[in-house]
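Participant: Protein chains in written order, with full-length UniProt numbering: chain A, 1 to 472; chain R, 1 to 472.
Hints are computed from structural coordinates only; laboratory data are not their basis.
Keep in mind that a hint or two might mislead.
[What the hints assert, rightly or not] The list that follows gives simulated cross-link-like pairs (lysine to any residue, SDA-like), each with its CA atoms no further than 25 Å apart: (1) R:Lys63 to A:Arg451; (2) A:Lys63 to R:Ala455; (3) R:Lys63 to A:Ala452; (4) A:Lys63 to R:Ala445; (5) A:Lys410 to R:His181; (6) A:Lys63 to R:Pro444; (7) A:Lys63 to R:Leu447; (8) R:Lys63 to A:Ala456; (9) R:Lys410 to R:Gly372; (10) A:Lys63 to R:Asp443; (11) R:Lys63 to A:Ala448; (12) R:Lys410 to R:Ser398; (13) R:Lys63 to A:Lys410; (14) A:Lys410 to R:Ser398; (15) R:Lys63 to A:Ala455; (16) R:Lys410 to A:His181; (17) R:Lys63 to R:Ala455; (18) A:Lys410 to A:Gly396; (19) A:Lys63 to A:Arg49; (20) A:Lys63 to A:Leu18; (21) R:Lys63 to R:Ser50; (22) A:Lys63 to R:Ala456; (23) A:Lys63 to R:Ala452; (24) R:Lys63 to R:Arg24; (25) A:Lys63 to R:Ala448; (26) R:Lys63 to R:Arg88; (27) R:Lys63 to R:Glu53.
Number of protein chains: 2
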Amino acid sequence: MSLTPADAAFVETLAAGLPADTLRPAEPRYLEEPRGRWTGAETWVALPRSTEEVARIVHACAKARVGLVPFGGGTGLVGGQIAPAPARPLLLSLERMTAIREMHPMENAAIVEAGAILADVQQAAAEVDRLFPLSLASEGSARIGGLLATNAGGVNTLRYGNARALVLGLEVVLPDGQVWHGLKRLRKDNTGYDLRHLMIGAEGTLGVITAASLALHPRPATTGTALLQVAGPDAALALLAEARAQLGDTVSAFELMHRTGFDFLAEVLPELRQPWDAPPEWSVLIELGLGHGADPQAALETLFATAHAAGLVSDGLIAQSQAQAQDFWSLREHLPIANRGIGAVSSHDISVPLGAVSEFITRADAALAEMGRWRINCFGHLGDGNLHYNVFPIPGESRADHADTRDAIKRCVHDIVHALGGSVSAEHGVGRLKVEDLERYGDPAKLAAMRAIKAALDPRGIMNPGAVLATG
Amino acid sequence: MSLTPADAAFVETLAAGLPADTLRPAEPRYLEEPRGRWTGAETWVALPRSTEEVARIVHACAKARVGLVPFGGGTGLVGGQIAPAPARPLLLSLERMTAIREMHPMENAAIVEAGAILADVQQAAAEVDRLFPLSLASEGSARIGGLLATNAGGVNTLRYGNARALVLGLEVVLPDGQVWHGLKRLRKDNTGYDLRHLMIGAEGTLGVITAASLALHPRPATTGTALLQVAGPDAALALLAEARAQLGDTVSAFELMHRTGFDFLAEVLPELRQPWDAPPEWSVLIELGLGHGADPQAALETLFATAHAAGLVSDGLIAQSQAQAQDFWSLREHLPIANRGIGAVSSHDISVPLGAVSEFITRADAALAEMGRWRINCFGHLGDGNLHYNVFPIPGESRADHADTRDAIKRCVHDIVHALGGSVSAEHGVGRLKVEDLERYGDPAKLAAMRAIKAALDPRGIMNPGAVLATG
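Go ahead and model the full structure; you've got the sequences and the hints to work with.
Facilitator: Written out as structure tokens, the structure reads:
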């Protein structure tokens, strides 16, 4: 049962039932992705303005058995937004559906359309004195629909959870074109299977998210930021435990950074202000969000003193101003750009149980050392056990020199992650990049259940074909 | 495709492959439920000791097309644990699988079997200085498997979320007898569809949960409890907003109580110490969990002073000791028993958006007044918009006098909930009680998707037949 390409004849018929400018040939920006690993096939892009138009498009694709790739901000790192060549599916961009439909500050809820950009949703929440805590490097261009479809993580997961923890309800066009109107604003609703969590993280393979009811949070009255030198990942985890003992749930971010990251930043972005004369091997960026009357600098100084006495931290900088805090965060947020400037041989978005973080790094470093000489930039959301363990060539070599080794490196790192009970896709998703990994490492009963669900909800296989699940 | 009864021949064959005492005729306690609305058909109960034995039982049932009703603590309020007469399914009790398999205090995680009693899990967490925050009236007998299958709520949802928010991973026997080994201890894992959240809340209709990886939390260093008189539900919600502004996420419970509840407690349980000379029309039980060095009584006094100045509270009691705090909680926790002593004509576990709570109560009270004279005990988890709106006969009449009116009352209340964008099952689930309500009020696209998923994962329809989804 192969798919029909979205050819001129199909597009002409579809266009007849939609406003004049809804369909057009896809410009290059729809066919590219941040890491440059895939290029989409030439195709058409549909740009609907309403859920009803999305439903009409999906229904037409289902009828004609034409594949459909939902497209948000295009920031995904696993190729889920790229339309593969053989099937030539239609692209469906939600970029015209950007409305903040409703704001309910008293209920800590907002209803937004899938095309809304994350930074705009954060801003709309701030305007009613609320926090929408999802935050990640691409927040200026990533859109809500894609963020939910991939269950995005980011820097505030430690306190507020993944994207899925911030969703009260969804509006979704199902693969047959029916609309599930699930935009409830309820904290408790046990009326049947939780379709919401099934759609979140399904990466557009089970339907198109058109709008979401999001959970907002109170805005912390005051925040504190520090950059602390730690002896290593174990010391960092002990520091986190101490921070939580002293400060409870107010620790909102806890990011591990390796010296290699500071080196890359100096090399690729020399204009960025560097905090250290000589960067330490390991450091931690910590952020607190506290209530009225609290003194975050004093809290961080107390934490530092305790941790210093316990031998966990050796030096540190506590931001003395909002500007300095932003400088610290700027370093963390520019790491992906610095990495791209150097050019990774292989990047890994992994998680392991917290108790296995240190062992993972030791084992992976040792195994890779046997395969060659590398620069390894290991950084990430330590409090979630989520590391970006990225492998780069040494100076004088390029990623192209190691194209033959890439798969072996990936396999080596992922084998260690799997052996430690971890995940080979912590926050970026499966997309097209990790379909094979899912087959290799996934639980067979879970994979069988996933295939049964996919076949049940999308029997014609039109939704984001080739993403997440291997097509038969 | 009707089911085969679990008759002596089937049980004999099944027993041959299991330890001698695994199967026995079900004693009356397996055929009863707390509200006395259903009685199960005479049947057999299987009491496996391991996941492997559960898998063998499920596989045998699938092969013979015998229905299977998973049984936890038997505390469910919607009949989901009751085996209906016509199909005579086998009962599957998890009561022998009570192990706390692993404790990971550093990771704030625990792996427990489905038969573990909630209070025992709470206790095991406390022994390693952690909190497992799920808490509800039946915690001394409810078991983890049932609590997750129904996505239980309770009094700490406001701060810690529903049961599903406390689950990192699951081990589940799927309807064909395959075991999904999903007991990960990860905070981030985006490897495919989230089966975990699909199984949680499916009430045993998609598989049998045999173990869970649970999220623990730091234990609050100190707690504070107060019982405050409020002018009404709107004032209570304004008080909650003020409490959160002053105290952030440390508000762990916020329970609304109506005077009728105190009256019922005095009538049914006269030995309980009553806090008021004359109970106020509306009061709120509030609990804080604070960090080291905090003074919860001072925090509650400040809250009271601010709220009193704003006209939100008129009087109040701040617990001066742990014993007094327990007295306050004892009142709240005995409400279900008091209600049973009076005998409800109709009970409703509903939720509405916070902004609609007051309107719901006004409209429901007015509509019911047109149908007769009642005593209404409206109480519950106000911070979650979750009310137990229970309708009782006036003194001198009994529930039996109104048997004919019950359905009309339920319909009237649920119609109002639905019109306000609420849920007719907030925390108790659908079970057998609300199958018709789900058909009436459920979104058609969602229902179609649920049916497709059920047919895909349980094509023989053996798992908890008749619960959640109407059987055709």
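Participant: Take the hints in turn and mark each one as holding or not.
Facilitator: Hints versus structure:
Taken as a hint, the R:Lys63 and A:Arg451 pair is honoured in the structure, with Cα atoms around 21 Å apart against an allowance of 25 Å. Between A:Lys63 and R:Ala455 the alpha-carbon distance is near 23 Å, which keeps this suggested pair within the 25 Å criterion. A threshold of 25 Å between alpha carbons decides the hint, and for R:Lys63 with A:Ala452 the separation of about 19 Å falls inside it, so the pair holds. Distance restraint check for A:Lys63 and R:Ala445: the Cα-Cα separation of roughly 18 Å lies within the 25 Å cut-off, and the hinted pair is therefore satisfied.
For the suggested pair A:Lys410 and R:His181, the alpha carbons sit about 24 Å apart, so the restraint of at most 25 Å is met. Between A:Lys63 and R:Pro444, the direct Cα distance comes to roughly 20 Å. Compliance with the 25 Å bound is thereby established for this hinted pair. Distance restraint check for A:Lys63 and R:Leu447: the Cα-Cα separation of roughly 22 Å lies within the 25 Å cut-off, and the hinted pair is therefore satisfied. Distance restraint check for R:Lys63 and A:Ala456: the Cα-Cα separation of roughly 22 Å lies within the 25 Å cut-off, and the hinted pair is therefore satisfied.
Distance check on the hinted pair: R:Lys410 and R:Gly372 sit about 14 Å apart at the alpha-carbon level, within 25 Å; holds. Distance restraint check for A:Lys63 and R:Asp443: the Cα-Cα separation of roughly 23 Å lies within the 25 Å cut-off, and the hinted pair is therefore satisfied. Between R:Lys63 and A:Ala448 the alpha-carbon distance is near 18 Å, which keeps this suggested pair within the 25 Å criterion. Distance check on the hinted pair: R:Lys410 and R:Ser398 sit about 17 Å apart at the alpha-carbon level, within 25 Å; holds.
For the given pair, R:Lys63 sits about 42 Å from A:Lys410 by alpha-carbon distance, which is inconsistent with the 25 Å threshold. Between A:Lys410 and R:Ser398, the direct Cα distance comes to roughly 70 Å. Violation of the 25 Å bound is thereby established for this hinted pair. Straight-line distance between C-alpha atoms of R:Lys63 and A:Ala455 comes to about 23 Å, which keeps the hinted pair within the 25 Å bound. Of the supplied pair hints, the one linking R:Lys410 and A:His181 holds, its CA atoms being roughly 24 Å apart against a limit of 25 Å.
Only pairs whose Cα atoms come within 25 Å are accepted, and R:Lys63 paired with R:Ala455 is accepted, the gap being roughly 16 Å. Taking the CA atoms of A:Lys410 and A:Gly396, the gap is near 22 Å; set against the 25 Å cutoff, the hint holds. The suggested pairing of A:Lys63 with A:Arg49 holds, with an alpha-carbon distance near 21 Å, which does not exceed 25 Å. Annotation: proposed proximity of A:Lys63 to A:Leu18 holds, straight-line Cα distance about 16 Å (limit 25 Å).
Taking the CA atoms of R:Lys63 and R:Ser50, the gap is about 20 Å. The hint holds against a cut of 25 Å. A threshold of 25 Å between alpha carbons decides the hint, and for A:Lys63 with R:Ala456 the separation of about 22 Å falls inside it, so the pair holds. Restraint check for A:Lys63 and R:Ala452: satisfied, since their Cα atoms lie roughly 19 Å apart, inside the 25 Å limit. Taking the CA atoms of R:Lys63 and R:Arg24, the gap is near 21 Å; set against the 25 Å cutoff, the hint holds.
Restraint check for A:Lys63 and R:Ala448: satisfied, since their Cα atoms lie roughly 18 Å apart, inside the 25 Å limit. Restraint check: the Cα-Cα separation between R:Lys63 and R:Arg88 comes to about 16 Å, which is no more than 25 Å; the hinted pair holds. Taking the CA atoms of R:Lys63 and R:Glu53, the gap is about 15 Å. The hint holds against a cut of 25 Å.
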